[in-house]
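> Under our numbering, the first residue of the sequence shown is numbered 1405, with each subsequent residue one higher.
With beta-carbon atoms standing in for the labels, derived distance ranges:
hint : residue 1 : residue 2 : range
1    : Ser1444   : Arg1495   : 29 to 37 angstroms
2    : Gly1468   : Pro1510   : 29 to 37 angstroms
3    : Gly1468   : Glu1515   : 27 to 35 angstroms
4    : Ala1533   : Asp1431   : 16 to 24 angstroms
It is worth saying that the hints were derived from the structure and are not from the lab. All residues carry an ideal CB built from backbone N, CA and C; glycine is no exception.
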Amino acid sequence: MSNSGLTFSELERHREYPLTVLLAEEDEDLRRLLEQSLRSDGFKVIAIGSGHALAQALMGLILGDPANFDVLVSSVRMPGWPAFSALNGLRCAGYHVPAVFLTACPGPDVELLASELGARLLTKPVDLAELYRAVLSRRFAGARMAAELGIPSGR
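Could you put together the complete structure from these sequences and hints?
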């Protein structure tokens, strides 16, 4: 097992087909820590720190930007454009991007919104092994959701 808590075979499969994570976190120190940790275990990371940057990244996905991503990991309370609104907008546009939300203030309302959007919710401070498992499981959940809806991968 690596320091991430994943088994060797899980990490080998992941490294063979590395995921690109769109990491949206307003806290600069936490964003850097998560970015470095994800990169050290073979993930590709696009790190952003504002709701405006999140909106641009998601609009790029809709417009076919080649800097695409596989999984969205976002703080729930992104300044400028909350993550729930962002993911809901994507869902309404027909995009079924797998998502993991991070929150320091879990509660029934937040849990319900995450559940309704098909996203995984993790509580800050984030356990890295739990984050890795959530990212890897969301990738496959998103692929299943798209297949069930008859939507090409990523949309």
